[in-house]
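Engineer: Next come the chains, spelled out residue by residue.
Protein chains: 2
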Amino acid sequence: MRIELLTTGTELLLGTTQNTHGAWLGQELFKLGLRIQRQVTVPDGPAVEAAMADAVEEADVLIVTGGLGPTSDDLTRESIAAVLGLEMVEDELALRTLLAFFAQRGKVMADANRKQAMVPVGADVLPNANGTAPGLYLPPRLSGGRNCAVFLLPGPPSELYPMVQGEVLPRLKALSGLEVVPAMLEMRFVGVGESDFHQGVDEELTGIAGLEVGYCARLGEVDLRLVGTEEAIAAGREIALREFAAELVSEDGATLEEAVVRLLAAQGKTVATAESCTGGLIANRITDVSGSSEVFRYGYVTYANEAKRDLLGVRWEDLEEHGAVSEPVARQMAEGALRNADADVAVAVTGIAGPTGGSKEKPVGTVFIAVAVKGGETRVVRQLHPRSRVSFKRAVSQAALDLVRREVA
Amino acid sequence: MRIELLTTGTELLLGTTQNTHGAWLGQELFKLGLRIQRQVTVPDGPAVEAAMADAVEEADVLIVTGGLGPTSDDLTRESIAAVLGLEMVEDELALRTLLAFFAQRGKVMADANRKQAMVPVGADVLPNANGTAPGLYLPPRLSGGRNCAVFLLPGPPSELYPMVQGEVLPRLKALSGLEVVPAMLEMRFVGVGESDFHQGVDEELTGIAGLEVGYCARLGEVDLRLVGTEEAIAAGREIALREFAAELVSEDGATLEEAVVRLLAAQGKTVATAESCTGGLIANRITDVSGSSEVFRYGYVTYANEAKRDLLGVRWEDLEEHGAVSEPVARQMAEGALRNADADVAVAVTGIAGPTGGSKEKPVGTVFIAVAVKGGETRVVRQLHPRSRVSFKRAVSQAALDLVRREVA
Chain A
395 MRIELLTTGT
405 ELLLGTTQNT
415 HGAWLGQELF
425 KLGLRIQRQV
435 TVPDGPAVEA
445 AMADAVEEAD
455 VLIVTGGLGP
465 TSDDLTRESI
475 AAVLGLEMVE
485 DELALRTLLA
495 FFAQRGKVMA
505 DANRKQAMVP
515 VGADVLPNAN
525 GTAPGLYLPP
535 RLSGGRNCAV
545 FLLPGPPSEL
555 YPMVQGEVLP
565 RLKALSGLEV
575 VPAMLEMRFV
585 GVGESDFHQG
595 VDEELTGIAG
605 LEVGYCARLG
615 EVDLRLVGTE
625 EAIAAGREIA
635 LREFAAELVS
645 EDGATLEEAV
655 VRLLAAQGKT
665 VATAESCTGG
675 LIANRITDVS
685 GSSEVFRYGY
695 VTYANEAKRD
705 LLGVRWEDLE
715 EHGAVSEPVA
725 RQMAEGALRN
735 ADADVAVAVT
745 GIAGPTGGSK
755 EKPVGTVFIA
765 VAVKGGETRV
775 VRQLHPRSRV
785 SFKRAVSQAA
795 LDLVRREVA
Chain B
395 MRIELLTTGT
405 ELLLGTTQNT
415 HGAWLGQELF
425 KLGLRIQRQV
435 TVPDGPAVEA
445 AMADAVEEAD
455 VLIVTGGLGP
465 TSDDLTRESI
475 AAVLGLEMVE
485 DELALRTLLA
495 FFAQRGKVMA
505 DANRKQAMVP
515 VGADVLPNAN
525 GTAPGLYLPP
535 RLSGGRNCAV
545 FLLPGPPSEL
555 YPMVQGEVLP
565 RLKALSGLEV
575 VPAMLEMRFV
585 GVGESDFHQG
595 VDEELTGIAG
605 LEVGYCARLG
615 EVDLRLVGTE
625 EAIAAGREIA
635 LREFAAELVS
645 EDGATLEEAV
655 VRLLAAQGKT
665 VATAESCTGG
675 LIANRITDVS
685 GSSEVFRYGY
695 VTYANEAKRD
705 LLGVRWEDLE
715 EHGAVSEPVA
725 RQMAEGALRN
735 ADADVAVAVT
745 GIAGPTGGSK
755 EKPVGTVFIA
765 VAVKGGETRV
775 VRQLHPRSRV
785 SFKRAVSQAA
795 LDLVRREVA
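First to last, the protein sequences are chains A and B.
Per the working numbering, the first sequence starts with residue 395, numbered consecutively.
Per the working numbering, the second sequence starts with residue 395, numbered consecutively.
There may be inaccurate statements among the hints.
Identical copies go unnamed one by one, so any copy, or any two together, can satisfy a pair.
Below 25 Å or equal to it, Euclidean Cα-Cα: the simulated DSS-like pairs (lysine-lysine) are [unchecked claim]:
# : residue 1 : residue 2
1 : K754      : K501
2 : K501      : K567
3 : K756      : K501
4 : K425      : K509
5 : K567      : K425
6 : K663      : K425
7 : K663      : K768
Keep in mind the hints are simulated off the structure, nothing from the lab.
Turn these sequences into a full structure, and let the hints guide you.
Structural biologist: Take a look at the structure:
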């Protein structure tokens with residue numbers, strides 16, 4: 395069953411409003427084993443009718459969002475009627491619902507709203523408890539030989555979401571006639587790239603019958619998406635774990651920082667942060683996780699050398715001799731944070747975010763990351779992330795959190 | 395000039411990744427007086443070629459994002475070559491750049507990456523300093539009679555954004571042949587919302603002949619975009635400043651944190667941060683700004699009460715009597731940070747990020763923000779931001795940075 399989504403709205407293409415309908419609907423449909431094959435976004439106005447005419451030729455189901463309001467640029471009702479050659483009539487149920495909506499709020503309905511009760515002949519009115527715009531469902535027979543079912547839905551998420559769940563999904567399920575919903579597993583890996591999968595296991599994975607394999611790479615992490623039968627997913631998972639078990643962060647969509655907080659909480663341990671070049675980003679990511687106060691108590695943002703000395707006890711001679719971006723300074727930062735915060739684990743970073751401050755020996759992007767653990771050895775790694783300032787900070791925070799994860803895994 | 399955007403990626407339609415390219419590109423193009431007329435999203439695979447074939451018939455410019463990676467589902471290079479009937483060749487510059495990218499990171503390039511150096515004959519390679527995938531530009535003549543210019547760009551924003559700004563916008567400007575790019579002024583305001591403008595000045599602004607007025611609202615800030623003749627913009631600017639001069643943060647796209655760093659640097663002052671509920675976000679935002687090391691030296695992330703006492707000298711009795719989220723604790727945090735960091739200004743926040751920890755008196759979302767200045771009075775404000783945890787942190791950081799800005803403005 396080919397499903398297309400048409401999102402309408404000038405503001406979506408001007409970029410003043412983020413278009414979130416596609417991602418949300420995609421997730422809802424996937425739960426039924428259905429997918430959106432194409433999403434098109436056009437501005438309000440005549441482009442809507444052209445896009446509809448195009449879509450009903452190809453699709454089995456067309457879902458349209460937006461353009462059901464009372465103003466002059468709200469044209470989806472008229473447009474679909476024109477495309478399918480249907481008359482418009484005033485729908486009694488829609489009108490009664492509209493009047494009730496205003497009455498309930500102690501308001502009188504404006505004349506402009508009356509057009510929201512006009513529907514193409516034969517369409518089902520989908521009630522909207524959260525706004526003035528009723529939705530519409532045009533069953534396949536209304537599109538003649540094209541046999542395309544059409545849903546017209548309101549744009550505001552507070553109206554769209556309940557209408558999809560209450561009215562659209564049950565109809566889609568019936569239309570699709572699907573008995574079995576395919577399973578999906580999303581595995582998140584940190585410290586490997588998409589190309590490592592391609593070299594390592596992609597051929598094996600894609601060779602598994604009944605398995606669809608997808609990747610989504612972000613800075614310093616990659617999601618492996620396995621879709622198919624339970625058996626195929628289990629087989630794919632085994633192959634991925636054979637090569638990259640140490641890099642696996644989560645299998646439930648959890649972020650790296652969520653995984654770190656969970657691991658620490660499960661062991662009753664605390665972590666302290668000592669940040670120079672990341673400037674608070676590592677602490678910020680940890681505290682994005684609900685419940686992080688159980689495992690995170692002290693963070694030091696020691697941007698100046700004096701701060702490294704005063705707050706973490708880094709020796710001034712080492713700062714002068716080796717420079718702030720050096721192995722001994724990273725080590726002393728981590729050990730100072732561990733001691734002063736009385737933590738179980740401490741992570742420290744010191745590097746050159748740029749764009750200035752690099753040298754031949756230590757170019758922009760150089761970073762030392764240290765992890766100290768109570769009663770254990772301190773480990774220090776040197777890395778190079780020659781990126782824009784903000785990307786550098788993100789990449790370093792990723793590497794630092796992953797070192798903590800591996801330390802407590 | 396008709397511009398279409400094709401965003402590719404199965405994850406966009408499955409909803410596992412939010413599609414943000416359209417909104418960002420829409421804003422960038424608008425600055426040149428250009429608009430995206432249609433955005434289409436399709437999954438990786440053969441749908442990409444079909445969508446490209448469709449688009450080059452209609453559009454003058456086709457911008458494609460995603461699908462330039464090294465794996466088997468990355469097909470945009472091959473697809474556009476097939477659509478336009480072009481041969482693929484290995485590009486020397488692209489290959490050298492790829493090899494250098496890996497060499498710089500001390501890695502050996504995987505064989506799979508080699509395909510990223512294959513380009514359709516006649517295409518320009520757009521360098522990518524932030525990833526392995528070079529972009530491609532196919533000038534209109536390559537599409538034969540269809541006369542459609544095609545850009546193939548990488549998906550990750552950290553790679554896409556600099557490439558658009560450095561390589562794509564200048565070419566679009568040349569292609570559009572617009573002699574007079576309409577002037578634009580973007581005024582950023584913090585501490586007022588879009589509805590304040592609608593109530594206050596929108597009618598006056600939209601009444602100015604030759605002026606197009608747009609708003610872009612984000613959490614705790616709103617951009618007013620004025621496009622038109624120099625005179626119309628000047629008239630609009632005057633009206634906006636009449637009402638909201640104190641809320642104006644920048645007129646050159648500078649972020650709030652950039653404005654704060656500039657103001658401090660111009661006065662040779664330093665700021666220290668003492669954060670509880672924001673967990674390092676304020677320090678992180680300040681250190682996102684290049685040159686922030688001049689004005690920011692010490693940051694304290696005092697998540698636990700002990701940290702507030704040990705690092706900032708907050709009295710234990712006050713923590714016990716008033717609770718960590720209280721006026722006296724916020725005040726002592728700011729004054730302690732000012733003293734211990736020997737800073738000119740210090741900002742402190744303590745609040746309840748949630749989702750748990752609220753009470754009737756201090757519900758989730760409550761925050762106290764304090765600003766202390768050398769030789770001046772400490773100011774403490776209480777605010778309520780009942781939002782999700784991450785939005786709460788963002789809103790509080792926004793309010794805190796804005797208080798610092800007003801203090802040093």
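Engineer: So, for every hint listed, does it hold in this structure?
Structural biologist: Going down the list of hints, with the structure as the test:
| no. | hint | verdict |
| --- | --- | --- |
| 1 | K754 / K501 | between (56 Å within a copy, 19 Å between copies) |
| 2 | K501 / K567 | neither (38 Å within a copy, 49 Å between copies) |
| 3 | K756 / K501 | between (53 Å within a copy, 18 Å between copies) |
| 4 | K425 / K509 | neither (35 Å within a copy, 35 Å between copies) |
| 5 | K567 / K425 | within (10 Å within a copy, 44 Å between copies) |
| 6 | K663 / K425 | neither (34 Å within a copy, 50 Å between copies) |
| 7 | K663 / K768 | within (10 Å within a copy, 38 Å between copies) |
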